[in-house]
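Visitor: Numbering-wise, our numbering puts 135 at position 135 of the sequence shown, and it's gapless, one number per residue.
What the hints contain is simulated information worked out from the structure, not anything from laboratory work.
You may find that some hints are simply not true.
Claimed, not checked - Label-pair ranges, simulated between beta-carbon atoms: (1) 55 to 146: 29 to 35 Å; (2) 23 to 101: 24 to 30 Å; (3) 60 to 26: 31 to 37 Å; (4) 52 to 4: 43 to 49 Å; (5) 29 to 56: 29 to 35 Å; (6) 55 to 12: 24 to 30 Å.
Glycine included, C-beta positions come from ideal geometry on N, C-alpha and C.
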Amino acid sequence: MEDLLLNIETSALGQVMRDSVWLFPLAEILHFMGLSLLIGSLLVVDFRLLGFARNFPVAAVYRFLPLALTGFGINLVTGAMFFFSDPFRYYPNIAFRLKMLFILLAGLNALYFALTVHRHTTQEDPGAAIRTVSALSFLFWVGVIILGRFIPYVE
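Construct the entire structure; sequences and hints are all you get.
Guide: See below:
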């Protein structure tokens, strides 16, 4: 693992992330914008499926899902940039590892939603299974945010 981390650290991306005065702050700005897009979009979908704002059709809130995926894509790229900047700092960090776990759990939850319960959500009252998936989505992403904020303060 140490060799892999060293290869990441000494890569061109790792070098430019450490050497550039503006690239890391720019990546942070994009990361927060991507997070806002991701979380904002998912809140609309999750809260509607949890039973809030019933005056909005379920099909209408699904139009926010591509925005959420765009935000996730932005965060995937910028998050990798952060990791490449200092892999020996991020990899052993418990907050970072837990954040990655929560992202994995959120992704598996989304995959489960897409492959199973999503097919039954054309109804205006989606049902208990979908409410559970939506509640888990909300909790996982809140966990990702909290853990992400802990990364700089935990060793």
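Visitor: Each of the hints needs a verdict: does it hold here or not?
Guide: Here is what the structure says about each hint:
1. 55 to 146: 29 to 35 Å: 31 Å, holds
2. 23 to 101: 24 to 30 Å: 28 Å, holds
3. 60 to 26: 31 to 37 Å: 34 Å, holds
4. 52 to 4: 43 to 49 Å: The hint (43 to 49 Å, Cβ to Cβ) holds, given that residue 52 and residue 4 are roughly 44 Å apart.
5. 29 to 56: 29 to 35 Å: 31 Å, holds
6. 55 to 12: 24 to 30 Å: 52 Å, violated
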